[in-house]
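**Q** These are the residues of each chain, in order.
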Amino acid sequence: MTIFNLPDLGEGLAEAEIVRWHVNVGDRIAVDQPMLAVETAKAVVEVPAPFSGVVKALHGQPGDVIATGAPLIEFEGMLPTARPGGTAAASTAQAIAPTAPRTANSHGTSAPSRASAADAGTVVGNVPTSEEELIETAYAGRHAAGTPAAHGRHGANSANQPGATNLNAVNGAAPHSANGRLRAAPAARALAKKLSIDLTRLAGTGRGGVIVVDDVIAHANIARSPSEQTPAFTGGEKLRGLRRAMAQSMALARDNVTNCSIYDDADLHHWREGQDFTTRLLRAIAAGCQAEPALNAWFDGATQSRRLLPHVHIGMAVDTSEGLIVPVIRNVDSRSPTELRQEIDRLKHAARDRTVTPDDLRHVSIMLSNFGMIAGRYATPVVVPPTVAILGSGRLSRDVIAVEDRIEAHLRMPLSLTFDHRCVTGGEAARFLAAVLRDLEKDT
Amino acid sequence: MAKVTMIEAINRAHAWEMAHDSTVVVLGEDVGLNGGVFRATAGLQEQFGKDRVQDTPLAEGMIAGMAIGMATQGLRPVAEIQFMGFIYPALDQIGNHMARMRNRTRGRLTCPLVLRMPHGGGIHAPEHHSESLEALLAHHAGLRVVCPSSPARAYGLLLAAIRDPDPVIFLEPARLYRLVKQEINDDGQALPLDVCYRLREGSDVTLVTWGAMVTETLRAADKLESEGVSCEVLDLATLSPIDHDTILESVVKTGRLVVVHEAPRNCGIGAEIAATVAERALYDLHAPIKRVTGYDTIIPLSRLEHDYIPNTARITDAVRATLAE
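In order, the protein sequence lines correspond to chains A and B. Count the first sequence with the working numbering and you get residues 1 to 444, in order. Count the second sequence with the working numbering and you get residues 1 to 325, in order.
Source of the hints: derived by calculation from the structure; they are not laboratory data. Ideal placement from N, C-alpha and C gives every residue a C-beta, glycine not left out. Careful: at least some of the hints might be erroneous.
[To be verified] Which residues of chain B face chain A? A partial, calculated answer using Cβ under 7 Å:
no.: 1; residue: L133
no.: 2; residue: S150
no.: 3; residue: Y177
no.: 4; residue: L199
no.: 5; residue: I242
no.: 6; residue: H244
no.: 7; residue: D245
no.: 8; residue: T246
no.: 9; residue: Y283
no.: 10; residue: D296
no.: 11; residue: D307
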């Protein structure tokens, strides 16, 4: 026979009073079928059958008080070990190692006896237990001030002692935290990581030496609008007019053009008397453009497109007291030398008198810089977009040259041709220059 | 020296203090004759008598109110709320009187009392028995909120709480009550309030936690150590006022912070810690702060409670996320 004891009904209560049996001796009952009603201090509860079987004996009558864990009902035969009946607490009543707290008890009596039931130490639920021992060391407070607080030893007001740690780092005064880590704004860290910049190479300009986004950008030399760049000096004059225009167009040229220069000398030995240097130069350039139209063109880097120009409009660099101006002599290819000379004079006067009109400056197809009138033999003239070539003529000089196997002194004009190698080949440039030389070296 | 569980440590702290300070009294439901539903006060009524260990009716407002009255008149009550989930009826007394008695009377009347209660879930209990409501109380000025995570700290911090001249809400993690034993000296030594306890030193990430979550957090730290991650673990211990300085010092060292608490995420104490670290140590952070918390739902009943309570895997995932930045 199998005896089923009154389970812990979940309130940690020691006993229950039988109110009413629902089954009789000899009944065959099914698992979970209500067997009886009992009353605890809190409520009347039903006790379900822990398994199916035949009732052999009832261990109590209505009105009897049964202690938790005492026999309640008996079944025929050997039946499987009782499933945990009723509440979860019943099953865990066996699982929990009871730890009845020992107290210094002057009366010599212990806590109310729980008889044969294990003291679950809780009225509800299941407080987990183990045999594990906790071994730990705990330091109270901040690192330098903290003292071990294990085993209930007093931690001695460590919170109030001044710590050796520099909390100024925390409050924003030191550029590096106590352990040497860099202090950087999160956005700065993210940007530096994106640009593969090593933060340790930056100086922080934020409050307390913190590295900020601007520091990262400055280090990466990212182009930003000119107004935001840091000036190299203060108190200078702001550029205006022609100087300002030159600064801007030269910067534009630098950022876009691929300058390449070829140098040569025109031998003017055979020139007749009374040649007009400037008109001869202009005519020679026109001849070069005819031989190699590629140098009389416009090029746009953004769209990678080129336009060969039908006429030769030469922009001639003129030096004025205000700065550089480049008036354009139009249709050089179809004008007579006299017309050219008139036009040159007109523009030079206009430049001096500051009456050059915008029309005079438009539609340049190729440029000439006649710096040799002042000084200098060779130069690296700068191509200004959208043109693709500029010829610089240097100071005439009487040079010693070899002619066959004789030494002679010839008047020569140094020439410096710069072309935009993005759209003009070396061959084209050389052929242009050859044509210019051929025309210049004619006697008239 | 003796090896005791947390519940035994709490019991001994009561006994020591009551033996050495005759003004300390105990009150609550089932604390006297039954010694408390978790046996925290077992044996005290036999030892110190019915006048000093009183069973109250089932009335939390009355328990809090009586404790306030006793405290203002020269006693040092240690009152028990049987489960933190039962605290709502007492909030009127706590917020309107306990927390502000000193302020209201300009110091003429004070409340040197402790209101202790089981905290958190994981014990297969019915509804209302698994709450973690520390954020509600921490938010209220005039209350100190303390939560030990080991038998030794339960002993030392309870003594400190009883001796503190102002109200202390003492939260005892129920699923740690009997989980482990620890050697303690039953010598009446208190531990400092208002400081974090560093349980593990590390250099890659700072983990801040309290209560029962300390167990899972230390387990997570062990797992991460085997992966080469060095974790520093701080037991907050006093949940209000928060010891920000220790946390900040640690975060400045490690550059990463993960806060772990069983209580729900929304407006939890983890948010306060995260905000303060963001205010004062943003430039030392290498990754966003992470919180591993209970979900923003009512804590479920027993079959699902371990899906709710953060487990070791959720903690290790959060730490790895901070390292992946």
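**Q** Compare the structure with each hint and give your call.
**A** Here is what the structure says about each hint:
Look at L133 of chain B: its Cβ only gets to about 18 Å from chain A, farther than 7 Å, so that hint breaks. A distance limit of 7 Å between C-beta atoms decides the matter here; for S150 of chain B the minimum to chain A is near 6 Å, and the interface restraint holds. Interface hint at Y177 of chain B: satisfied, since its Cβ lies 5 Å from the closest Cβ of chain A, which is below the 7 Å cut-off. Annotation: interface hint on L199 of chain B holds; nearest CB of chain A at approximately 5 Å, less than 7 Å.
Below 7 Å, beta-carbon pairs count as interface contacts, and I242 of chain B has none with chain A, the closest being about 12 Å; its hint is therefore violated. Annotation: interface hint on H244 of chain B violated; nearest CB of chain A at approximately 9 Å, more than 7 Å. A hinted interface residue such as D245 of chain B counts as satisfied when its beta carbon comes closer than 7 Å to some beta carbon of chain A; here the least separation is about 6 Å, so the hint holds. For T246 of chain B, the interface hint holds, the least distance from its beta-carbon to any beta-carbon of chain A being 5 Å, beneath 7 Å.
A least Cβ separation of about 4 Å between Y283 of chain B and chain A falls short of the 7 Å threshold, and the interface hint therefore holds. For D296 of chain B, the interface hint is violated, the least distance from its beta-carbon to any beta-carbon of chain A being 24 Å, above 7 Å. Restraint check, D307 of chain B versus chain A: the minimum CB separation of about 17 Å is more than 7 Å; hint violated.
Taken one by one, the earlier hints fail for this structure at numbers 1, 5, 6, 10, 11, listed in ascending order.
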